[in-house]
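*Asks:* Just so you know, this note's numbering puts 166 at position 52 of the sequence shown, and the rest follows in order with no gaps.
One or more hints might be untrue.
[What the hints assert, rightly or not] Distance ranges between label pairs, derived from CB positions:
1) 392 with 362: 21 to 29 Å
2) 208 with 186: 26 to 34 Å
3) 384 with 207: 18 to 26 Å
4) 228 with 391: 19 to 27 Å
5) 123 with 171: 35 to 43 Å
6) 169 with 246: 51 to 59 Å
7) 392 with 247: 27 to 35 Å
8) 384 with 246: 34 to 42 Å
If you're looking for bench data, these hints aren't it; they were derived computationally from the structure.
Even glycine gets a Cβ: it sits at the ideal position worked out from N, Cα and C.
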Amino acid sequence: MHDDITDVPGIRVGHDTNLDALTGCTVILCDRPAVGGVDVRGGAPGTRETDLLSPLCTVNEVHAVLLTGGSAFGLDAATGVMRALEEAGIGYDTGVARVPIVPAAVLFDLAVGRADVRPDAASGARAVAAATTGPVALGSVGAGTGATINKIGGPATMRKGGLGSASAQLPGGALIGAVVAVNALGDVADERMPTAEAGEHSGAVTRPLEPFGSSGMTNTTIAVVATNARLDKAQATKVAQMAHDGLARVIRPIHTPFDGDAIFALSLADPSASPTTAADLALIGAMAAETLARAVVKGVRAAQ
């Protein structure tokens, strides 16, 4: 066990990192089609293929999820992921072509490095090529390369965000994993972190936003939680919803009008696995929230 999302069988993770421009992307690949759900809570999201994940929609499989920097420009990286998967013969069978299903979400990092360099199709393809089942590199890598936090007080309080991952096993044996790029308006605080690491501005908001903190929608925390428990699309959506509680535990404030927070949920179950009961679903969602909270803390700790 690596204590990250690749502990979930069938998940591979790859990064593409540009340290000169301070941006990058992270791809979460599914070695077999996954059932997906999503929940978007922030007021300034940048996403792709999220409507398809609704339980009301027809397509019932996901082949990868992309988390990327570059603001809306960074969604171009999903094209590279799709091309790489198509070349590998992976995708939803339409009868005339296999169409890879690659939902994606972006964060805003243009103000940190170079605003004119963003993840593109080549970046997405490199992330796919780099994907492994090994330990996930954390901190200032992939989608977390240009991430920052605690912008609510302006430049004086801003510090580095990053990419984190964690995993857990439920009593019944099901595995839960999470990966997150932490680029929040708020600060990160956790009772398990020393005060110096948690930051000085992690309590209640008691003063107005500084201009830097609210301009340009410059924030967003984006994540994927995955499990080998058998979920349908409605259940995956519920897990994504519950996982947002993990962000609320450690990022303060969260889900503001200036954040685009989004969480994807993936189920990579063996086809012979038993359906998940409502009681089991509650436990999976609760553990997803706890695991995601730990992933946030790990990503900030590892950032450079």
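*Asks:* Would you mind marking each hint as holding or not holding in the structure?
*Replies:* Verification of the supplied hints:
The hinted range of 21 to 29 Å is satisfied by residue 392 and residue 362, whose Cβ atoms lie roughly 23 Å apart. With their beta carbons about 27 Å apart, residue 208 and residue 186 fall inside the hinted range of 26 to 34 Å. Distance hint check for residue 384 and residue 207: the Cβ-Cβ separation is about 21 Å, which falls inside the suggested range of 18 to 26 Å. Under the hint 19 to 27 Å, the C-beta atoms of residue 228 and residue 391, about 50 Å apart, miss the expected range.
Between residue 123 and residue 171 the C-beta distance comes to about 26 Å, which lies outside the given range of 35 to 43 Å. For the pair residue 169 and residue 246, the beta carbons lie near 32 Å from each other, so the given range of 51 to 59 Å is not met. Between residue 392 and residue 247 the CB atoms are about 31 Å apart, so this pair conforms to the stated range of 27 to 35 Å. In this structure, residue 384 and residue 246 break the distance hint of 34 to 42 Å, their C-beta atoms being roughly 22 Å apart.
When the structure is compared with the earlier hints, violations turn up for hints 4, 5, 6, 8 and for no others.
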